[in-house]
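Spelled out, the chains give:
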Amino acid sequence: MGYALNKLRVLIVEPNAHIRELLRTILQSVGTGAIDLSTDADEGFDAYCRRDYDVVFTDSELQPISGLEFVNQIRTSAKSPNPYVPIIMLSSFSDEERIRLARDHGVTEFLAKPFTVDIVLKRLEAVIEAPRSFVRTGSYFGPDRRRSSSLDYSGFDRRKSDLKEVTLSKKDISDQQRAALAKNKRAIDQMLRD
Amino acid sequence: MSSAPKDNGTYQLITPPNTLKERLGAGSGIDASLVKNAAAVTDNMHGKFLLRVNDAIEDIAEQIELLEKSGSGGHGCAAAVLRTSHDLQLQGEAYGYPLVGDICVSLCSYVENLNAPEDMAGVIVFSHTDAIRSVVSNAIEGDGRRLGQELVDSLIDLVNRSLR
Numbered sequence: 011m012g013y014a015l016n017k018l019r020v021l022i023v024e025p026n027a028h029i030r031e032l033l034r035t036i037l038q039s040v041g042t043g044a045i046d047l048s049t050d051a052d053e054g055f056d057a058y059c060r061r062d063y064d065v066v067f068t069d070s071e072l073q074p075i076s077g078l079e080f081v082n083q084i085r086t087s088a089k090s091p092n093p094y095v096p097i098i099m100l101s102s103f104s105d106e107e108r109i110r111l112a113r114d115h116g117v118t119e120f121l122a123k124p125f126t127v128d129i130v131l132k133r134l135e136a137v138i139e140a141p142r143s144f145v146r147t148g149s150y151f152g153p154d155r156r157r158s159s160s161l162d163y164s165g166f167d168r169r170k171s172d173l174k175e176v177t178l179s180k181k182d183i184s185d186q187q188r189a190a191l192a193k194n195k196r197a198i199d200q201m202l203r204d
Numbered sequence: 693m694s695s696a697p698k699d700n701g702t703y704q705l706i707t708p709p710n711t712l713k714e715r716l717g718a719g720s721g722i723d724a725s726l727v728k729n730a731a732a733v734t735d736n737m738h739g740k741f742l743l744r745v746n747d748a749i750e751d752i753a754e755q756i757e758l759l760e761k762s763g764s765g766g767h768g769c770a771a772a773v774l775r776t777s778h779d780l781q782l783q784g785e786a787y788g789y790p791l792v793g794d795i796c797v798s799l800c801s802y803v804e805n806l807n808a809p810e811d812m813a814g815v816i817v818f819s820h821t822d823a824i825r826s827v828v829s830n831a832i833e834g835d836g837r838r839l840g841q842e843l844v845d846s847l848i849d850l851v852n853r854s855l856r
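Chain order of the listed sequences is A and B.
According to our numbering, the stretch in the first sequence is residues 11 to 204, in order.
According to our numbering, the stretch in the second sequence is residues 693 to 856, in order.
Simulated from the structure, these hints should not be mistaken for lab results.
Using N, Cα and C, we set each Cβ at its ideal position, and we do this for glycine too.
Wrong hints could be hidden among the right ones.
[To be verified] Covered by chain A, per the in silico footprint, the following chain B stretches (three or more residues, Cβ under 8 Å): (1) 748–759; (2) 768–775.
[Unchecked claim] Counterexamples of contact, computed for chain A against chain B with all Cβ distances above 10 Å: (3) Gly12; (4) Ile45; (5) Asp46; (6) Leu47; (7) Thr49; (8) Gln73; (9) Leu111; (10) Pro141; (11) Ala192.
[Claimed, not checked] In silico contact screen, one side only, chain A against chain B (beta carbon under 7 Å); selected entries: (12) Leu32; (13) Asp64; (14) Ser87; (15) Pro91; (16) Ile129; (17) Ala190.
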């Protein structure tokens with residue numbers, strides 16, 4: 011028997027309507043009880059303050075403040091009803107530096123776009139099964155950023171399978187695909203020469 | 693159960709109770725049949741995206757044809773091309789075709805920077821839509837690696853040259 015996900019309350023803060031819909035569909039298909047949607051950081055934080063959420067999914071690129079600033083708001087604002095909420099950040103950029111920045115701003119799990127059903131649900135399971143302890147220092151409040159041997163789930167733990175996940179956008183192409191791209195490029199280069 | 697915060701003077705370690713797992717019942721994991729259902733639904737959405745790409749390319753072609761035939765109404769045609777291209781960019785990002793997204797960014801940039809909407813040239817627009825069609829029909833997911841980026845760079849060069 012699996013989780014009673016009909017009791018799960020999720021907030022999605024994502025400006026891309028198609029990604030919002032895709033993520034909502036995935037979560038709804040596995041029985042998530044309540045899914046609220048916001049398109050920007052202001053709307054997202056207002057929603058977050060009004061209702062008790064179990065998980066927040068947020069894009070890294072928000073307006074009028076960035077996704078990282080939005081996360082920081084949840085973690086440190088006096089108005090935030092729950093600074094410990096698991097936050098899963100979606101981003102088109104999956105380089106080490108951005109992942110490190112996300113972690114240092116209090117993100118719980120990182121989800122590179124494009125994502126699959128399996129990867130989304132793996133991140134969800136991680137925050138349910140193995141919630142991180144929190145650390146407060148002079149300059150940081152958020153999930154413990156250290157690697158823990160007790161954690162069996164992905165996120166900031168960079169095992170091979172995770173490396174494969176975060177580089178989904180860097181999928182290899184076949185010879186046939188390469189030939190198709192080269193043909194298009196040749197046509198454009200010819201126009202540039204003319 | 694939570695543990696009292698541990699404070700060593702330089703940092704405080706706080707372990708909140710896992711009330712979420714408690715609330716989600718005695719079971720564990722996500723029901724496999726529901727995961728399968730989610731995969732089927734998203735596969736269907738993915739399939740619809742591929743159909744929408746073709747519709748979008750046809751819509752763009754119609755706008756160019758309208759502009760070339762009438763010679764006027766450029767503002768409306770350019771706005772329609774921009775709208776369709778921008779939406780296709782967002783869809784490409786969502787459904788695993790970021791290269792489509794990059795090509796659309798170039799097309800949007802072209803339309804947005806025209807001196808006059810009537811200057812929108814079919815040959816420039818079709819270079820982009822041909823590239824999009826090629827990417828989707830060859831199922832080139834991801835960024836297309838080096839060649840994909842070279843293709844995008846060529847389109848950007850073409851746009852910059854045509855806007856001079």
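Here is how each hint holds up against the structure:
1. 748–759: Result for this restraint: violated, n = 0.
2. 768–775: That given contact is violated, which follows from only 0 residues of the region 768–775 of chain B lying within Cβ reach (below 8 Å) of chain A.
3. Gly12: violated (4 Å)
4. Ile45: holds (13 Å)
5. Asp46: Holds: least Cβ distance 17 Å, greater than 10 Å.
6. Leu47: holds (14 Å)
7. Thr49: Fine: 12 Å to the nearest Cβ keeps threonine 49(A) off the interface.
8. Gln73: holds (15 Å)
9. Leu111: Fine: 20 Å to the nearest Cβ keeps leucine 111(A) off the interface.
10. Pro141: Non-interface label fails for proline 141(A): nearest chain B Cβ at 5 Å, not farther than 10 Å.
11. Ala192: Given that some Cβ of chain B is not farther than 10 Å from that of alanine 192(A), nearest at about 6 Å, it is violated.
12. Leu32: Result: holds, 5 Å to nearest chain B Cβ.
13. Asp64: Interface hint status for aspartate 64(A): holds (5 Å vs cutoff 7 Å).
14. Ser87: At about 17 Å, which exceeds the 7 Å cut-off, the nearest Cβ of chain B leaves the hint on serine 87(A) violated.
15. Pro91: violated (14 Å)
16. Ile129: With a minimum Cβ separation of about 12 Å from chain B (threshold 7 Å), the hint on isoleucine 129(A) is violated.
17. Ala190: Since the shortest Cβ distance to chain B is 4 Å, the answer is holds.
When the structure is compared with the earlier hints, violations turn up for hints 1, 2, 3, 10, 11, 14, 15, 16 and for no others.
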